[in-house]
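Colleague: Input sequences plus hints: build the corresponding full structure.
One line per chain: the protein sequences are Z, H and B, in this order. So the number in the working numbering is just where the residue sits in the first sequence, counting from 1, plus 1005. So the number in the working numbering is just where the residue sits in the second sequence, counting from 1, plus 1005. So the number in the working numbering is just where the residue sits in the third sequence, counting from 1, plus 1005.
Be a bit skeptical, because a hint or two may be false.
Identical chains share a label here; the pair holds if one copy fits it or two copies do between them.
SDA-like, lysine to any residue: derived pairs with alpha carbons at most 25 Å apart [unchecked claim]:
hint : residue 1 : residue 2
1    : Lys-1229  : Glu-1159
2    : Lys-1131  : Leu-1245
3    : Lys-1370  : Leu-1547
4    : Lys-1172  : Pro-1049
5    : Lys-1377  : Thr-1512
6    : Lys-1163  : Asp-1222
7    : Lys-1653  : Arg-1618
8    : Lys-1384  : Arg-1324
9    : Lys-1565  : Arg-1324
10   : Lys-1653  : Pro-1018
11   : Lys-1064  : Thr-1020
12   : Lys-1124  : Thr-1193
13   : Lys-1621  : Ser-1393
The set of hints was computed from the structure by calculation and includes no laboratory data.
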Amino acid sequence: MYIGVDYYPEQWPETRWPEDVRLMKELGVNVVRLAEFGWQLMEPEEGRCDFSLYDRAIKLLTESGIKVVLGTPTATPPAWLIQKHPEILPTDENGVQISFGARRHYTVNSRIFREYTKKIVTEMAKHYGQHPDVIGWQTDNEYGHEKSDRSYGEEDRKAFQTWLEKKYGTLDQLNENWGTVFWSQTYTDWSQIPVPRKVLQEHNPSLLLDFDRFCADAYTSYNKLQTDCLRANISKDQFLTHNFVYTDQAINQWDMAEDLDYVSYDNYPVWGGLAEPVSPSAIAHQHDLCRGTKNGKGYWVMEELSGAQGWSKIGYLPRPGHIKLWTYQAISRGAEAIVYFRWRAAHFGTEEFCHGILDHDGIPKRKYNEVKEVIDSLKEHGDDWIASKYEAQAAVYYDTENAWAWNIQPQSSAFSHRQELLRHYTPAHKLNVATDAVNSRSSLEGYKAVFVPIYFLENPVFTEKLKRYAENGGTVVFSYRSGVKKPNNFVTGQTLPGELTEMTGITINEYESLQTGQQNKVNGVKGSLSGLESAATVWCDLIDPVTAEVLAEYDDCFYKGTAAVTKNKYGKGTVYYIGTALEETMLTALYKEIFQEAGAEVIETEKEVEVVRREKFLSAMNHSVDHPAEIALPEGNYIDCATNEKIKGTLKLAPLASVLLKKE
Amino acid sequence: MYIGVDYYPEQWPETRWPEDVRLMKELGVNVVRLAEFGWQLMEPEEGRCDFSLYDRAIKLLTESGIKVVLGTPTATPPAWLIQKHPEILPTDENGVQISFGARRHYTVNSRIFREYTKKIVTEMAKHYGQHPDVIGWQTDNEYGHEKSDRSYGEEDRKAFQTWLEKKYGTLDQLNENWGTVFWSQTYTDWSQIPVPRKVLQEHNPSLLLDFDRFCADAYTSYNKLQTDCLRANISKDQFLTHNFVYTDQAINQWDMAEDLDYVSYDNYPVWGGLAEPVSPSAIAHQHDLCRGTKNGKGYWVMEELSGAQGWSKIGYLPRPGHIKLWTYQAISRGAEAIVYFRWRAAHFGTEEFCHGILDHDGIPKRKYNEVKEVIDSLKEHGDDWIASKYEAQAAVYYDTENAWAWNIQPQSSAFSHRQELLRHYTPAHKLNVATDAVNSRSSLEGYKAVFVPIYFLENPVFTEKLKRYAENGGTVVFSYRSGVKKPNNFVTGQTLPGELTEMTGITINEYESLQTGQQNKVNGVKGSLSGLESAATVWCDLIDPVTAEVLAEYDDCFYKGTAAVTKNKYGKGTVYYIGTALEETMLTALYKEIFQEAGAEVIETEKEVEVVRREKFLSAMNHSVDHPAEIALPEGNYIDCATNEKIKGTLKLAPLASVLLKKE
Amino acid sequence: MYIGVDYYPEQWPETRWPEDVRLMKELGVNVVRLAEFGWQLMEPEEGRCDFSLYDRAIKLLTESGIKVVLGTPTATPPAWLIQKHPEILPTDENGVQISFGARRHYTVNSRIFREYTKKIVTEMAKHYGQHPDVIGWQTDNEYGHEKSDRSYGEEDRKAFQTWLEKKYGTLDQLNENWGTVFWSQTYTDWSQIPVPRKVLQEHNPSLLLDFDRFCADAYTSYNKLQTDCLRANISKDQFLTHNFVYTDQAINQWDMAEDLDYVSYDNYPVWGGLAEPVSPSAIAHQHDLCRGTKNGKGYWVMEELSGAQGWSKIGYLPRPGHIKLWTYQAISRGAEAIVYFRWRAAHFGTEEFCHGILDHDGIPKRKYNEVKEVIDSLKEHGDDWIASKYEAQAAVYYDTENAWAWNIQPQSSAFSHRQELLRHYTPAHKLNVATDAVNSRSSLEGYKAVFVPIYFLENPVFTEKLKRYAENGGTVVFSYRSGVKKPNNFVTGQTLPGELTEMTGITINEYESLQTGQQNKVNGVKGSLSGLESAATVWCDLIDPVTAEVLAEYDDCFYKGTAAVTKNKYGKGTVYYIGTALEETMLTALYKEIFQEAGAEVIETEKEVEVVRREKFLSAMNHSVDHPAEIALPEGNYIDCATNEKIKGTLKLAPLASVLLKKE
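Modeller: See below:
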C-alpha cells in the first residue's frame, strides 16, 4: 500500500533535498504529493512554463523509488495573474472584494480564470502525463474550504442567472418554484435575480438552496474542466483525485467524484484553536463519507495529520500514539493510502505552525519514529488489510443538500446539523456496528438497518427506496423534523411527517423548537427503554400515533404524556420515529434494541474504544488518552499483525493503543 | 367588534379560497387584512395596474360578510423597479448597498421611490376607495423594522443636510447647537455634513440625535405622502392606520399618528429564537404605548400572534390558553379590534415558519379551536367591553427621543433603555394600577401619580407640566440619571438634576456608572422601606438632600451612608427621586407606598396575574403557565361573560386562564 | 515642577475664562496644554489663519503666570479640508472609507495631507514660536490611537510598496525574506504587493510584520515632518513632545522619540466600560515604558485622569485618593510634570463624559480639593523629588516589534501579549524591585537581573548583549516561546530555543499550546520552589536540560516529569528558562529567589502596596481601596514631606493613601 508524505521541495534549499529523500527512504515512504501550490514556479510569467524545479525534485525522489502524485496548482493563482485580471478575485456577501495575499482567491465562475486554468493544467499534463513514476493527480486543493465555496460578485451573479435559466427554462417555472409571490419577489427578467448579498432580513430559502446548488455545480464543472484537460494528455495509468473537505460547504462531493478515479480526504482530527480532538465517532463519520462518496471504493488520505496544527493559533498537541491510532482508524474504515502532512514544518508563510513529521529543525525525533513504527507495522499485512472487504451492517443517510437546507433554516438556536447528525451516528459507532454513509444514489440492499436522521429536505427518490426497503423487511429509523421540506425547499402541505406518514404510522400536529439551554423530559415506556429517562432538547415533535406503538413519552409541559418515540410495522419491516434529541444513554439503548431486532452484530466495548472487522482482520483502537481497555474478542484465534503474538479471548489495549489482529 | 385574520390569497391556489372563506366564517371572522405585500401583483410591470386577483378575493370574502382592510404594498418594491432604479436601495453604515431579496429594501429619502409610491398608492386608492366593504387602509408595513429606519447613502445624506438647513437656518446655529467646536468639526458648508457612517471613534452625540430625528421625520413625511394620496381618493368612511413597532427605532409614532385615524400594532409576545415570551408587563407597556399614541383612543392589533413564530429560527410554542390570554390582555388595555397573524402558514418564503391559525396542512386543529373559543366568548359583551372607559390612575413617561438619546450614550455596559424603563413600569403593573403612557404632548390632569423614569433627555415642556402638576398636589417619581441632557443633546451646565433640582429638593454632585456584574447595596431607612435591602446596579447617583428627606441609603463603597432614594414636598405635591436601579422587591414596596399615599387603587395579586378594570368590566389574566391563582375581587356581584356564571368574593384562575367579568 | 491642566478655552464662553484662570491659580496650576484640536479655529478656511482666540486665552493665562504647552491640531482635519480632499480619509481592512465626524480621520500616507500639515504647523510655529510663555509643543495627539495606526487604501498601498522597495532593493530580496514561494505568492512587480486587506484565510506573517513596521515608520516620518516645521520656526527654549499611547499598536515610540525632546504619556488607569482600574503593576509598567523610551529621561504626563472617563460608556469612578495615588505613582516612576485631564467636563461632543477636575457645572468640589491637596503636598519637595535619580535594579525587555509579531500569531487562544508580559513583570513590581524597560538599544550595564519574557521575535543585537551580560556575571530570565522567530518573522531552523540554546543550557523538542480553560500542573523540585505547585497554562515548553538544572517539572499528561523551569550557569552568570505560564505565587517565589541570588534589593510589602526609592526619597502607595497596610521602612529616620511628621520603623497607610518620605 502507498504510505507517503506531502513534500514542498520549493520551500527548502536544494542542498537539503538529498537528506530529505534519504530520511524518507529510511522511514519507508513510497509516495510523495507535490506541487499543488506551485503555479508561480511552473509559470513564472504569463505563457512561459518552467518545470525544472519539480523535474529535479521528482528525479531525485523517483530515483530512490518513491512515486509521485502531482497537484494542479490552481488554488494559488500568482500575483501576475491577479494584477492583470483582478476580476478573478472572489467577493463576499457585503460586496467586499477579497484581496490577494493568501490562497483560494478566485471565483470559480470567472471565465478568464477558467482559461488560465486550462492553460496551466494542460501544460502540466503534457509535461508529466507520461512520466512512469507519476502515478496520479490531485486537482486543485480542498475546493470550497475557508468560505471559498460561495462568491457574490457580478460575474457570479450572471452565472447564477444562467444556471437558473438552464434549470427552470422559464421565469414562470422559477417564480413558482421559489414562491416569489411572497413579498412581491416575482422576477420578470432573469437579470433581476440577485445573489444572496446582504439584506435587512433574510433571503428566500428556495433561492438560498438553489444558490448553494449553483455554487456546488460551478465547482463540479470547474473540476471537470481540469479533469478533461488532464485526461486528454495523461497516461491511462495515472489516476485523478481531489482532496475533499466534508463540512457542509456548498460543494457536492458525490457529483464531483464522478469525474475522478479516487476520493481523497484531508484528515485533521484536531486543528488550530481546538483544545482537544473531535470525537472518535466524528472522525469515523468523515471516513464513512469518503468511502461512501464513490460507493464503497477505497480512498486516499492525502493529508494525514502528524503534528500540532494551526495558522495563527496552534491546537492540541497529538499525543504519542495518535499518529498510529488515526492512521489505523483511517485504514480500518476504507483508506487505502496514507500521505502524512507534512514532511517538515515550514519556516515561513501562513502555515508555519502546521507541524509535520519533522519540525522546523529538520531533525528526526518522536514523530518520525512513530510514523516509522506505523509503516513497519503495516509492511506484512497492509496490502491484505486494504484489500479486505468492509461490510457495513447499517446505513446512515447523509445528503449535502439536506445539510444546506438545515443551515439555511436551523429553526432552533440549539440546532447544529453536524451535532444532530452525530447524535444519531454515535450510538452505532459506540456499538461498533459497521456503517455506510448513503444517499439517494445508494442501494439499500443488504443493510440490516437504515438511519435517516434529521431528514428535513425529503428526497423523493430516497423516500421511495426506503419504502421498498421497509416493505421488504428492512428497519428504518427517522428522527425529529423529517419529511418537512420539498426539493424546492417548500414546506410540505401534507400533515407531518409528510411522505413518511404511512411508513411511520404517525402524524405530527404540533411541535416545539427548544432553544439553547431549554429542555423537556422523556420517559421510556416500553421494551428496553422502560424505566429510562432522558432530557429532550433541540426539538420536540408531538407525535400522534396512528398505527405505531409508543416507546417513550414526554414528561413535562402541556404535552406531557404525548408520544416522543414510536415504532411501526410497515410491510415486512419496522420503522422508528424519534421525535426529540435524546441523551446518549437512552439513544444508545434504543439503537441497541433496534440493531438486535434487525439482526445486526453489536460489539460492546468500553467508551472510546473502536473495533472494525473486515473479513479476517479485526482492528481495535483505544481513543482514550488515559484509560486502558479490555475487549472481549469474537471467537477464534488471532495474531497481532505487528508482533505476531497469538491472542485469544481478551484483548488488552493501553491508552491510545491501536492494534491490527488477523484471525487464523 | 372586529375580529379577523391576516390573509394572503395570493399565496394559495384560488381553488382553496372558498374553503378558506368557509372556515373563516365558521370561526366567526368578520374582517381580513389583505394585500400589503402585493405590489408586483397589482403592478406587474411599470405603469400597468391589475387588481383582478384581489378583486376576486375581496368579492369572495365580502360576499360572505367579511370586511376588508387593505395594505398599501410599498414595503416590497418589485424586482422590475429595483432593476430600473437600484438607487432606491438603502445603504448601511459601512456604505454597503442593501440587496434586493427580502423586504423594506428602500430608503425613504429616495425621491424616485416617492414618485413610484404616489403612483401605486393613488391607483390602489382609486380602485378600492369607494368599495363599501373596504373599511380601512394600512399604509406600508412596520416602518423602520429590521433596521430599515436608518439609511446612510448619498441621497440620505443630501436629505439630512436639507433637513438640517430647514431646522437651523444658518450653519452658525447648527454649529452652536452641535458643539462642533469640539474636535474641529465646525461646518462651513451644508454639504460637508455627514450621515453617521463608520468612524474610528464615535460620532458627535448631537449629530446622532438629530440624525435619528431626521430619520423619523423622513418616515413621517413619507407616510403623509401615502395618506395624502389615499385621502384624495377614498371615501370618508374608510379609516387610515399603520401597524407600528415600538422598539426605540428612529420612528416617531406620535408624529406619524397625527396623519392617521387609528394606531395599529403587531403583537408578538414571543418570536424567533426566544425561549419564552417577554414579561407580562413588557407586553402591557406596549399596549399602553399604542393607546397613548393617539391619546387614549382605541387601536387595532393588526397582527396578533396565533402560533410559533420565526424566520430561520422558530421561537417558543405558545401554550394552549396563550391566544386567549394575549387577546384579552390586548382588549383590556385598549385594543378594539384583533386581527390574527396569520390565517395559515406559508409553504414558501422567508416567513415559512410564521405559524398561523392553520398550519401548513390547512386543517383546523387546536389553534383554530382556541381562536373560535375566544371569538365566541366575546360575542355578547365584546362591543360593550371595548366601548367602556379605561381610566388610568398613573402615568408613565415615554418619549422616543429620550430612548434614542440613551441608545446613543448608554453610559454603562449594564444599561438597556428598555430594561430600565420596564424596571420602573413593572411595579405598577404588578400592583394592577392602571397606567397611561404619556409624553410632553399629554395632559397630566387626573393622574394620581406620574412616573418619569430615566428622564435623561429633559424636555422643557414636560418639565414645566410636571412642575405645575406637582405644585397642584400631584406625585412625581424620577429615577437616576434624570435631567442630564438638553434638547440638543448637550449635558446641562446646572448642577444635577438640573431643571429638576427644586422639585426634587436634592443635588447630585457625584455619580457612578456600574458595569454589568457590579453592584452596591441599599438599605431602606424610612417608611415602608425601613429594614428592606436591595442590590444597587446599573447606576448610582450620590444624592445630597437639600429639602428632601432620605428613604434609603447606600451601604457600601466610599459613599456608604449617602442618600439613594429621597422624597420631597413641592408645592402641594410630592416628588420622589430614586438614585439607583433597585431590585423588584424594594422597588415594588416603594411604589406601593407612593400609590397609597397618592390615593391610587392598588389590587394586589399573585405574581404574573394581571387585572384590568374598565367601568363595569373586570378582566383577569393569569400569565403563569403552571401556577393557578386566586384573586380577591373588589366588592360586588359579577358574572363571567363567557359562561354567565355568577361570581363573588374570590375568582379562581387556572394557569394561563383569562376571564372577563361584568359587575352587576 | 510643572503641574497643570488640559484646557479647551474654545469650548467655553469667553466670559467664563477669567473665572477659570482664577480657579486655576487658586489651585496652584502653573501650566496649561492648549489647542491640540483647534485646526478649524486657527484656519477657518483654507489659507486664512486666525490665532486670535488662542491669543486671547494665552494672554489671560500667562498674565496670571501660567505657562503654555501648545498642541498642533492635526488630529482633527477640518470639514473644509475633507470636503476638498476626501482622499485624505483612512480606509479599513475591508476597503471601507472612514467617514468625517470624529477624529484621526486621515491616513498618514496621504501626500496631500502632509502638505496641509506643513502649512498649519508652520503657521502656528511662526505665530507662537517666540512667545516667552509658550514653553513647549505637543505634536498631534495620540498617534495611532483608536485603530488609526493602520490604513488600507490605495495611497497606503503605494506607500507600502515604496517602503518595501527601499527596504529590500530587489524583489528577489523581498521574496526571499517573506518566503513568498509559499502559496505562489512570489511578486514579480512591486505594484502587485497588497496591503493586508481581507483574505479568506490569513496573510503571510512576514508581510504582516513588515506592514506594521511600515505603518510605524510612516507615523515616525509624519511626526518628523511636524518637528522639522516646528524647529525651523521656534525658539530653542521651547521643547517638543508627543503624548504616546503604549498599546501594541503599529507605532514605534522609540524611533519617534528621537525627534522629540520629551516623551509624554496619557495616564488613564481606568476608562469607559471598565469596572475597575487596571492592576497597579500594569500602570507601573506603562510608566517604565515612558521612562525607557528616552533612556531614563523624565517625561510628562500630558493627560492625567482626574474623574470618571468614557465616551458612550462611562467607567469606574476613581475613589477619593486615586488622584493623588496615581499622581504619586507617576512621579515615583519618572514623570516630571503632571497635566490633569481635563479642566472641566464638556457640555457637548464625543467626550462629554470625560469628567475633569470640574464637572459640567463648573463648581469646585471634591476633585478640585483633591488636586489642590496634591499640588500643595508637592510644593516643598516636588522639585527635589523629580530631580532625584531612579535607579533600576532589574530590566524588563519590551520591544514593540515583538508585540506585533505576537499579535500576528498569538499561537494559543489563551495568549495575550500584554497579559503574559505583565505576568512576568508583576513579581518584580510586587517585590518592589525598581525596574527599567529595555530593548535592543539599551545598555544592560548595572542591572542585577534582566527579564526577557516571551522573547518570540528574537533580536540578534539584543541577544548578543544578553550573552555578553550573562558571560560577565549577569542574571537573565527567559520564558516560554523565546528564540522562535527571526527578524523577518521566519521560524528559526535551529532547535529551540535557537540562539538562546547555549545560554539556557537546554533544548526544546516539543511544546504544547494550551487553549483558554486548559491547564497542566507544575511541581517545584528545587530551591525555593520545592514543594510549591502551580497550574501551567497558555503554553508548555517540554524542556530537555543539557547543562541546566531543573527547578520545576510538569506533573500531568504524557510529559509528566519533564522539566518546566531550569537554571543554567553561563559564563560568570546565570540564565533561567521558565517553560510555562505559572501562577503568581510560584512565579513570585521564583523571582524572589532570582533577585536575592542576583543581589537585588527586595522590599516585601502587602498586596497592592507599591514602594519606590529614589535617593533620599521613598514614596509609598497603597492601591487597595479597602485594606490598610503597614510597611517596614528601610533603616533611617524619615520625614513625611506633606506633614513634616517624623517617621521611623513602620509606616502605616490607609486604603488608597500615598505618601512621600524623605530620609534625613
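Colleague: Hint by hint, note whether the structure agrees.
Modeller: Tested hints:
| no. | hint | in the structure |
| --- | --- | --- |
| 1 | Lys-1229 x Glu-1159 | within (23 Å within a copy, 38 Å between copies) |
| 2 | Lys-1131 x Leu-1245 | within (15 Å within a copy, 67 Å between copies) |
| 3 | Lys-1370 x Leu-1547 | between (58 Å within a copy, 14 Å between copies) |
| 4 | Lys-1172 x Pro-1049 | between (40 Å within a copy, 24 Å between copies) |
| 5 | Lys-1377 x Thr-1512 | between (58 Å within a copy, 23 Å between copies) |
| 6 | Lys-1163 x Asp-1222 | within (14 Å within a copy, 39 Å between copies) |
| 7 | Lys-1653 x Arg-1618 | within (15 Å within a copy, 77 Å between copies) |
| 8 | Lys-1384 x Arg-1324 | within (24 Å within a copy, 65 Å between copies) |
| 9 | Lys-1565 x Arg-1324 | between (47 Å within a copy, 13 Å between copies) |
| 10 | Lys-1653 x Pro-1018 | neither (52 Å within a copy, 70 Å between copies) |
| 11 | Lys-1064 x Thr-1020 | within (14 Å within a copy, 75 Å between copies) |
| 12 | Lys-1124 x Thr-1193 | between (39 Å within a copy, 20 Å between copies) |
| 13 | Lys-1621 x Ser-1393 | within (8 Å within a copy, 86 Å between copies) |
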